[in-house]
Amino acid sequence: MTEAKLLVQGIPPEPLDRPFTVIGHSISRIDGVEKVSGTAEYAGDIQLPNMLCAKILRCPHAHARILKIDTSKAEALPGVKAVISRNNFPDWLTYWYLIPQFAFPEIVSYVGQEVAAVAAVDIDTAERALKLIEVDYQELPAVFDPEEALKPTSQKVTPLDVPDSTCPRAPAAWPVGNLYEGKTDIHTRGDIAKGFQDADVVIEEVYNTSYQFHATLQTRSSVIDWDGENMTVHDSCQGVWQVSQDIAKSLGLPMEKVRVVVKYQGGGFGSKAGAQRYLHYASRLAMMAGRPVRIELTRPEEFISHPHRHATKTYLKMGVKRDGTLTAMEGRSILNLGVGSTYGNQKEKLIETAFELYECPNVKLEQVAVYTNTPLTGYMRSVMRAIGDFFLEAHMDRLAVEIGMDPLDLRMKNYAVFGDQVKKLPYSAKNLDKCMKISTDAIDWKHRDRFVEDNKNGPIKRGIGMASYMYDGVGMAPFKASADVVIKRNGTVEVLAGVVDIGGGQATMMAMLAAEELGVNVNSVKTVWGDTGPTQFAPGTHASRMTAEMGPAVVQAAANARKKLFELTAQRLSAEPIELRSALGKIQVSRDQQRSMSFEEACQLIPDGEEIRASGSRKPNPKDIVFHTFGSQACEVEVNTDTGAVRVLRVASAHELGKVLNPKLVDSQHYGGIIMGIGYTLLEDPEFDSKTGIMLNPDLHQYRIPTSLEVPEILPFNIEAPDPFFAYSAKAVGEAPIVPVAPSVRNAIYHAAGIWINSLPITPDAVLKALGKSK
Amino acid sequence: MTSIGELRLHMEPKTLVDENRHQNQPRRVRRIVLSINGDSHSIEVDARSTLAEVLRENLRMTGTKLGCNRSECGTCTLIMDGRTVFSCTILAVEAEGKCIETIEGLASGSDLNPLQKAFIKNDALQCGYCIPAMLMAATALLRVKMEPTEDDVRQGIAGVYCRCGAYPNIVRAVLDVSRGQVDC
Ligand code: FES
Ligand code: FES
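In the order they appear, the protein sequences are chains A and B. Letter by letter, the first sequence follows residues 1 to 775 of my numbering. Letter by letter, the second sequence follows residues 1 to 184 of my numbering.
Be careful, since some hints might not be right.
Here are the in silico distance ranges between beta carbons for each label pair [said to hold, decoys possible]:
1) A/G290 <-> B/D111: 43 to 49 Å
2) B/E96 <-> A/D122: 19 to 25 Å
3) A/E34 <-> B/E96: 27 to 33 Å
4) B/E147 <-> A/K257: 56 to 62 Å
5) B/M146 <-> A/H25: 31 to 37 Å
6) A/D454 <-> B/M146: 33 to 39 Å
7) A/S615 <-> B/E96: 55 to 61 Å
8) B/D111 <-> A/L709: 30 to 36 Å
9) A/E148 <-> B/E96: 55 to 61 Å
10) B/E147 <-> A/M412: 44 to 50 Å
11) B/E147 <-> A/D227: 52 to 58 Å
12) A/G10 <-> B/E147: 25 to 31 Å
13) A/E34 <-> B/S71: 23 to 29 Å
14) A/N87 <-> B/R27: 29 to 35 Å
Everything labelled a hint here was simulated from the structure, so no lab data went into it. Virtual Cβ for every residue (Gly too), placed ideally from N, Cα, C.
The task is simple: from the sequences and hints, build the whole structure.
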């Protein structure tokens, strides 16, 4: 960093003028001991005196009108302490990431929707009470297929989402028919008719992707404590401040009366951003009963009740010249929202990758979002990007084969330099070409036809494929990200960050940033996180935004704290504060390094009973620069043409992230994304009954996620490039590595076995069908 | 969506409540003695309770986690008489007289054992929720196979899901320990 460009409120701190001492080192995560010794406390581990258990009654129909609910027998059951339903809360709105939703509407719109909830002294009693609740339903016709739902004659779905133009995630208007907000999103540039005329080859395909479920190992759990005035929610969420906001709004409490605490949480992957529906019911029950309430969802409930990755269908047509120049692209993506979604601020994300990843002068892409009588959809590890990358990168390989060009060359040939091809806005940094080169070299792309001879014999065919991607994770609205750094007299440092460590090592990274900026060892820094009590408002840990958004705030807070400490120290060292430098726990005068004192000694100068406290706040990204992260993966697969089984053998994953804060933690994100991506691509196959809308495999036996046996050899590469807007240039990694897995594996399957498969997941059955071996 | 006909019955509250709970059985309290990590615990339990429930709720040993409560995910894995078992699918009364080992027994005081250290060193943990089970599965494996191959390790932990995808590091950590390569 040369120029002070850090994205913070006020004057950015000067970049450090010394080599890093903490950043870039593979430091073990600071909460490792708790996690390996079983002492890490997750919400479901908490038992409070007098605690009740809550259970939710769910609707067995995909679409029905509730004519009557009789809860009297349940209420009369000894041990039942509170029962809620539309009888006592008919107009209640809950909030999910500030999207208003009906809590107990008259019309229920998917199998599994909440109809009533009970709190009782133990779980057996609560379950028995559910069975005593009598509900009269009038069944209504339901629609599950989004294209069906778009027809004017279709049954109209009653979505859970209530329009709210003040909330960027909520719809701005009611649907028209079942079309979200009554309109589609269209991105265009140039003249596609002319573009297709200019093409030598035009290819049209249809791509389908299935739902993907988060399948976090910890099922959603919370313990809610209500003392008659204040609420404490011990939660397993990804954003304590967002949950506090949602719950306060839903229960009509001021936000400062809803404290949300997460000590540890067992996986989120986007699904635990914002307060989820179950939590509203449980909180209400705690208020009514005046006792603490614990709620834990069962594994089947996990599948049917929380928002997951959308299913999509995309019609894509692209034109290319024989020399590889893309001339036109036209597409229409249909997105199944289910009965509600965090779709609002994901608008255009599905088609944006296709719009910007390659240079193409003539483009028209349309995104159509549709409500159906299927479960809620929402954030999940690169929720839209993973889908958008699949159809684009699949199509790119198809074009390359049609014109007889190396797929890597085709991508390089159409490399997009600008972040907005019409306005010609620059990217803050883009080294996708490097990523492509490194990932393909690692897998010996040049000799990728080395398998051709062996593939002629026997059922096992090997092949190599690749895909590139772009990802966000660099700061997004709505914006408020602040952190505090506290230096204590005993020489310890605290970073107060209102975020959640969801397993990415966020707490460790915050501590490292503060340690680097203060010039102390990381062991003397503690991160206080996951608690709205002592922290300032911060974003939820999702959308891979933590480092990019909170990083600058933490660095600024630490720089401000250091400044205050230097002011105390300067006189002792007979120097001006500006002359002081600190590193590895030592403060020195820059022009005379003999004059120094330890950080601990300096802290002794803090007056008794006081501490140094300083704040930092991120500012939004400037509008005239485009911020993204980029990457590329190449993989080697093995296809068994007798059984249809596909094995991914090796994946080389190159991701451009600015600066690696902690190599060990970053590599773990490559592993996590790629392994989940393999599940998405090959294994995870949710099935719904087409007549009833019932999920047929809401369990981890039949909805299969990857085990240790499906894991390929993974070669992570992190491409660094200065991006002074961020904390030491560090941007995002978390979600990105899942994005190109599906297209690169799919392209490798073609390379191995000569079959194009355009639907996810690519099950053995789908492979055999494509080979003409099964119907 | 495939049609397999009317499935409404299948959907009645049954799948939405926890099937593994023996709710139709009458509650019967029994006193049992469990041997856990070398200590004897004499406790009164509901005869319907699973071992995982008794550990977590009665004994407050919450290191053992639950992820499905019906033998799907392996999160509740612990060691009973030397073998890994899913504690969500064993009744506490069945565990009487058996030698039970849980995550709480791995460290001596605040001294982590080599496997635990290797997990930290290799970043073999993300959210950490599967880690107690992974550690117990790896412990059981290393007792029967002191020099496992990578394949042995993968097989040995295959009964435990890790949705965070820490598998490559977990395998490395176990191999490190088997090769004596932990120096923390
Ligand atoms: S909790 Fe899933 S197998 Fe026991
Ligand atoms: S570390 Fe999160 S499930 Fe394994």
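Structure-based check of each hint:
no. : hint                          : result
1   : A/G290 <-> B/D111: 43 to 49 Å : 44 Å, holds
2   : B/E96 <-> A/D122: 19 to 25 Å  : 23 Å, holds
3   : A/E34 <-> B/E96: 27 to 33 Å   : 31 Å, holds
4   : B/E147 <-> A/K257: 56 to 62 Å : 58 Å, holds
5   : B/M146 <-> A/H25: 31 to 37 Å  : 33 Å, holds
6   : A/D454 <-> B/M146: 33 to 39 Å : 37 Å, holds
7   : A/S615 <-> B/E96: 55 to 61 Å  : 57 Å, holds
8   : B/D111 <-> A/L709: 30 to 36 Å : 33 Å, holds
9   : A/E148 <-> B/E96: 55 to 61 Å  : 57 Å, holds
10  : B/E147 <-> A/M412: 44 to 50 Å : 46 Å, holds
11  : B/E147 <-> A/D227: 52 to 58 Å : 57 Å, holds
12  : A/G10 <-> B/E147: 25 to 31 Å  : 59 Å, violated
13  : A/E34 <-> B/S71: 23 to 29 Å   : 27 Å, holds
14  : A/N87 <-> B/R27: 29 to 35 Å   : 30 Å, holds
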